[in-house]
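Engineer: Given the coordinates of chain A, assemble chains B, C and D with the ligands onto it according to the supplied hints.
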Amino acid sequence: MELDSLYQQVILDHYKNPKHKNLNESYTAQVHHVNPSCGDEITLNIQVQAGKVAGISWDGVGCSISQASTSIMTELVLGKDIDSAFEILGEFTDLMQSKGTKSGDEEVLEDAVALAGVSKFPARIKCALLGWMAFKDAVLQSKDKLGE
Amino acid sequence: MELDSLYQQVILDHYKNPKHKNLNESYTAQVHHVNPSCGDEITLNIQVQAGKVAGISWDGVGCSISQASTSIMTELVLGKDIDSAFEILGEFTDLMQSKGTKSGDEEVLEDAVALAGVSKFPARIKCALLGWMAFKDAVLQSKDKLGE
Amino acid sequence: MSKKFDPVEVRKDFPIFSKVMRGNSGLVYLDSGATSQKPREVLDAEREFYEKNNAAVHRGSHLLAEEASAAYEGARQKVASFIGANVDDVIFTKSATESLNAIAYSLGNSKSGSRYEIKSGDRIVLSEMEHHANLIPWQQLAKRTGAELAWFDVDSNGRLDLSNASELINSRTKIVALTHQSNVLGTINPVSEIAAIAHKVGALFVLDGCQSVPHFPVNVQSLGIDFLAFSGHKAVGPTGVGVLWAKAEHLAGMEPFLFGGSMIESVTMTNATWAPAPRKFEAGVPNMAQAVGLGAAVDYLQKLGMANVAAHDEELTGYALEKFSALSGVRIIGPKDLKDRGAVISFVVDGIHPHDVGQVLDQYGVAVRTGHHCAWPLMKKFGITGTTRASFYLYNDFQDIDILIDSIDRAQKYFKV
Amino acid sequence: MSKKFDPVEVRKDFPIFSKVMRGNSGLVYLDSGATSQKPREVLDAEREFYEKNNAAVHRGSHLLAEEASAAYEGARQKVASFIGANVDDVIFTKSATESLNAIAYSLGNSKSGSRYEIKSGDRIVLSEMEHHANLIPWQQLAKRTGAELAWFDVDSNGRLDLSNASELINSRTKIVALTHQSNVLGTINPVSEIAAIAHKVGALFVLDGCQSVPHFPVNVQSLGIDFLAFSGHKAVGPTGVGVLWAKAEHLAGMEPFLFGGSMIESVTMTNATWAPAPRKFEAGVPNMAQAVGLGAAVDYLQKLGMANVAAHDEELTGYALEKFSALSGVRIIGPKDLKDRGAVISFVVDGIHPHDVGQVLDQYGVAVRTGHHCAWPLMKKFGITGTTRASFYLYNDFQDIDILIDSIDRAQKYFKV
Ligand SMILES: Cc1ncc(COP(=O)(O)O)c(C=O)c1O
Ligand SMILES: Cc1ncc(COP(=O)(O)O)c(C=O)c1O
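Protein chains in written order, with this note's numbering: chain A, 143 to 290; chain B, 143 to 290; chain C, 5 to 421; chain D, 5 to 421.
Treat the hints as calculated values from the structure; they're not laboratory data.
For glycine and all other residues, C-beta sits at the position ideal for the given N, C-alpha and C.
One or more of the hints may lead you astray.
[As the list claims (entries may be wrong)] Going by beta-carbon spacing under 7 Å, a handful of chain C positions derived as facing chain D:
| # | residue |
| --- | --- |
| 1 | VAL24 |
| 2 | ARG26 |
| 3 | ASN28 |
| 4 | SER29 |
| 5 | ASN168 |
| 6 | HIS254 |
| 7 | MET292 |
| 8 | ALA371 |
[Stated by the list, open to error] Each computed BS3-like pair below joins lysine-lysine, with the alpha-carbon atoms no more than 25 Å apart:
| # | chain 1 | residue 1 | chain 2 | residue 2 |
| --- | --- | --- | --- | --- |
| 9 | A | LYS285 | A | LYS163 |
| 10 | D | LYS56 | C | LYS115 |
| 11 | B | LYS161 | B | LYS194 |
| 12 | A | LYS262 | D | LYS56 |
| 13 | C | LYS123 | D | LYS147 |
| 14 | A | LYS163 | C | LYS420 |
| 15 | B | LYS194 | B | LYS278 |
| 16 | D | LYS115 | C | LYS123 |
| 17 | C | LYS417 | B | LYS262 |
| 18 | A | LYS241 | D | LYS251 |
| 19 | C | LYS385 | C | LYS147 |
| 20 | D | LYS115 | B | LYS158 |
| 21 | A | LYS278 | A | LYS161 |
| 22 | A | LYS158 | C | LYS417 |
| 23 | C | LYS420 | B | LYS241 |
| 24 | C | LYS8 | C | LYS327 |
| 25 | C | LYS8 | A | LYS262 |
| 26 | A | LYS262 | A | LYS222 |
| 27 | D | LYS123 | C | LYS115 |
| 28 | A | LYS163 | A | LYS268 |
| 29 | B | LYS158 | B | LYS285 |
| 30 | D | LYS417 | B | LYS262 |
| 31 | D | LYS417 | C | LYS123 |
| 32 | D | LYS384 | B | LYS268 |
| 33 | A | LYS194 | A | LYS262 |
| 34 | B | LYS262 | C | LYS420 |
| 35 | B | LYS278 | B | LYS268 |
| 36 | D | LYS327 | D | LYS307 |
| 37 | D | LYS82 | A | LYS262 |
| 38 | A | LYS262 | A | LYS244 |
| 39 | A | LYS163 | C | LYS123 |
| 40 | A | LYS158 | C | LYS56 |
For reference, chain A alone in the conformation it holds in the complex (with noise of 0.2 Å):
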């Protein structure tokens, strides 16, 4: 079934028992982004430090790609220089916007090859791109701030 192919088994765990979902105090830039079309929002906290993610929390409410797609996108950027993460950042992106052609390259993306399927679903991508997204201006936030 076609619904299967979007919402891998990994995808319910992690909606399930989303990581880092729990806002840390600590921060070098907070934001907070919304999916006008739906009303679905997040938080998201980062500590970035001599350029790496020291740290990263979020909190907020979403369907179950958005809830999974930031639950693995938290795990894959943690500890990461901020160049690889935008490296990562760059190949989601391209998978999403594959439109069911790719399968994504599980050395880099790791358990978000589970969301190669939304690329069918136009509808969805953006669900699967808000945590991203919110990390995406969040790095860059800080990176004002720190002055880099």
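Structural biologist: Okay, now just chains B, C and D with the ligands, sitting in the frame of chain A:
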């Protein structure tokens, strides 16, 4: 040819030699009407005395239909009491809205029956009515002024 | 099911029902609250206009222009009869959204001292259940003019709290703008009653008829309202056409909204005067084919009979409410009884986000809408971010509702809740 | 006649040309300046949208909503490529008239201190040859804000008098709004030159492309303009759809115009924030089928090639100008040479009112427009109340012009002038 039903000789005659097209300086009301869809304009002076159309004159620019119709109208109403003039106006308006189903009562409308063909050309009905509507407006304004 | 018309027969008039959906299922279209499907008659009317009569209305001196004008004005006459209006009081817009903005901007354009002027200290009364289209234009007008916004609360059953109506609609109130039927809750509001309160203090009453005009008989005279807005596309009509109706005296007294060709009486470089309504409010070459299509849509609805459409809606809603009440873990947002309630059911499924509910339904060909339904303040009131919404119309039947209910059950199983 | 396409073949794509006109003649359609006819591809595209993909875009979570969104956004991409724009900078409106009003209202909604604010003492520069749609919105904005209007004169040949351009466009100038091609005179204005003068003083340049975009290649980048407005219905597209293009920075910086669904980021009862463009400027369920139809129209034009369309227009205009010059008692209002001149010929016939000219032409199946062409100030400038206007497009050929010329002759005989 369909055109001939629109442009009867009487109309072309009135167009070339319009009656009362020469503004008289004494009037009980002066009105200025425009046809906004084509820019045609008419100024009409009326002299109401003892419930009668004692004087009528006009000036303006317009197509053969509007010019002829105004000319014919002035001939018809001049000297009539206002009630009979308004009866003629009613007959004429009916004729214009008849979509070619009426030929008009020659007893009442005289030369104006030549305009019967206009009713088959919806875009031209406004042309034929321009002067008549100005006349109606002028009479009502005169009545207002004379406190009738 | 009503004997008056058979939805299975009706469906044959709508080409889209031959569509094959995801999972190879047929189309169970339960999203008419967002936009309705279109019968062949409407598509044919639009096409015929283009193929036989297309020309700029009110402008050319040729046969096509005459025919186009007759078709366009004929459509206006049809729409006028449909809502019990005088033909010259019906304005074609592009949508209800434009109609509502048009009223707000026209009032905002008022000359100082005009009865239509909105000033600092004036009050505009809305409700918490308004669609963004009947909220933000007023909110922004209030910001521009210094007027104050006030609103009816919505209670936990999804009904307006009318207990403070006469304090809310006070002597400073200039406008009361209300939806006839909530696009989220299905609640039908007591329009005449509230319009009467508005009129008592000299306020104008604006009705958002988007969800009512397509679904039950609406007569502008008997409702006692000042303005009505609705969209063609929710009433089996084309996209790109809406209606603004107003009382003749308002159309005469108000300033126009859009400026351009065909709406003028005379023009100089620095000044312009306006043609009488409806022209005054229809600047430019209008959406002629769409207006003609809306005329055909209104004919289609009247052929079925609006009372029958309403009865059909009610049967479906009654059936669905009963079925929903038997579901566990599913909560209806809105009235649970049939009284003053339209064919819209919004619901939340415990433990499943509306997006995910909608996605599973889509797998079975069931088209619903999910999210905040352009009624964000209402969502906040209910403490939710969104709902799943099923809305019914003349081509739906009991079986559609059975499939909906089954699919909700499947979603619950899929997400193990 | 250009070898690039054959107008007689083109005509076969347009169903209306099988129409039988008054006097049993075929249709000689010379009124494309008012609205163009539509090829089958455009009608089919609209119909296919309704029959296969109809749903509210950007809203539903079902297959139809996905397909409708893809079709609608696909049309935006086509229009963007057509005018050399970025896809997000193309806004669908209902018409050029709405597009131009949208700019004026958006500017009028500016917060105080914004670079887009229009204040008392600011200047708005137009020209005497503007269509009412590019005149009255500015005139009324000026009245609302206290800004001052100034304008380029038109000389007796129907060209802009540019001699005082740099005094006219002074440092107080905020907006210069100009037509690309006059719908009356056919004059094509030196847009880039005037836009450069506007930019030198920091003014924004608004282009009315109603008569240019359908007729010759228009590229928003190379013209160096800030805003562009045009209508679909004059470009073989459906009625009820227009385009507003603006530079991304302006769309980001300006306030929105229409308020409602889909244009928001977040909403409370008293406040709202806006989505990025294009959504910010597209409130409500849009004219989806019409946008899709416009996409097909743009495909059709690009299949012929806009350079070919322009070359064809020029051949016809050259031929017509020559034929007109041989007529006695007929005067062209507008340039008599081909330089910077589009396929529109306005004329007056001595002793015959335009209405009567048009009526005789109609008898021979020749559809022209008569009157002031929504350019009343221009008429006054030329001391006339109206003209007869023949406008040419891709389905016209030399024979159409021969019939036009013959019919003018017949009119002169009929009215014995
Ligand atoms: C030059 C020009 N500007 C503006 C318009 C207005 O276009 P529309 O009526 O399609 O909004 C027209 C056509 O009527 C035009 O020719
Ligand atoms: C109650 C209500 N009001 C206003 C609107 C806006 O209508 P449209 O988007 O057709 O302009 C809608 C539908 O979207 C609605 O349901």
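Engineer: Need the status of pair LYS82 (chain D), LYS262 (chain A): alpha-carbon distance at most 25 Å?
Structural biologist: holds (22 Å)
Engineer: Holds or violated: are the alpha carbons of LYS241 (chain A) and LYS251 (chain D) at most 25 Å from each other?
Structural biologist: Not satisfied, since the Cα-Cα distance of roughly 29 Å exceeds 25 Å.
Engineer: So if I understand the rule, the pair passes when the alpha-carbon distance is 25 Å or less; does LYS158 (chain A) with LYS417 (chain C) pass?
Structural biologist: Given that 25 Å is the threshold and the Cα spacing comes to 15 Å, the pair holds.
Engineer: Compare the distance between the alpha carbons of LYS262 (chain A) and LYS222 (chain A) with 25 Å, and conclude whether the hinted pair is satisfied.
Structural biologist: Violated. LYS262 (chain A) to LYS222 (chain A) sits at ~29 Å, over the 25 Å cutoff.
Engineer: With the threshold set at 25 Å, check whether the alpha-carbon distance from LYS285 (chain A) to LYS163 (chain A) stays at or below it.
Structural biologist: holds (23 Å)
Engineer: Is the Cα-Cα distance between LYS163 (chain A) and LYS420 (chain C) 25 Å or less?
Structural biologist: Between LYS163 (chain A) and LYS420 (chain C) the Cα gap is close to 22 Å, so the pair holds against 25 Å.
Engineer: Taking only the CA atoms, is the gap from LYS385 (chain C) to LYS147 (chain C) under or equal to 25 Å?
Structural biologist: Distance of about 23 Å is within 25 Å: holds.
Engineer: Between LYS123 (chain C) and LYS147 (chain D), does the CA-CA distance stay at or below 25 Å?
Structural biologist: holds (18 Å)
Engineer: Can the restraint linking LYS123 (chain D) and LYS115 (chain C) be considered satisfied, given a maximum Cα separation of 25 Å?
Structural biologist: It holds: about 18 Å lies between the C-alpha atoms, which stays within 25 Å.
Engineer: Measure nothing beyond the straight line between the CA atoms of LYS278 (chain B) and LYS268 (chain B); if it is 25 Å or shorter, mark the hint as holding.
Structural biologist: Since the Cα atoms of LYS278 (chain B) and LYS268 (chain B) sit roughly 14 Å apart, the hinted pair holds (cutoff 25 Å).
Engineer: For the hint on ARG26 (chain C), just tell me whether its beta-carbon gets within less than 7 Å of chain D.
Structural biologist: At about 5 Å, which falls below the 7 Å cut-off, the nearest Cβ of chain D leaves the hint on ARG26 (chain C) intact, so it holds.
Engineer: Compare the distance between the alpha carbons of LYS262 (chain A) and LYS244 (chain A) with 25 Å, and conclude whether the hinted pair is satisfied.
Structural biologist: holds (10 Å)
The structure does not agree with the numbered hints 1, 3, 4, 5, 6, 10, 17, 18, 20, 23, 25, 26, 29, 31, 33, 34, 36, 39, 40 stated previously, though it agrees with the rest.
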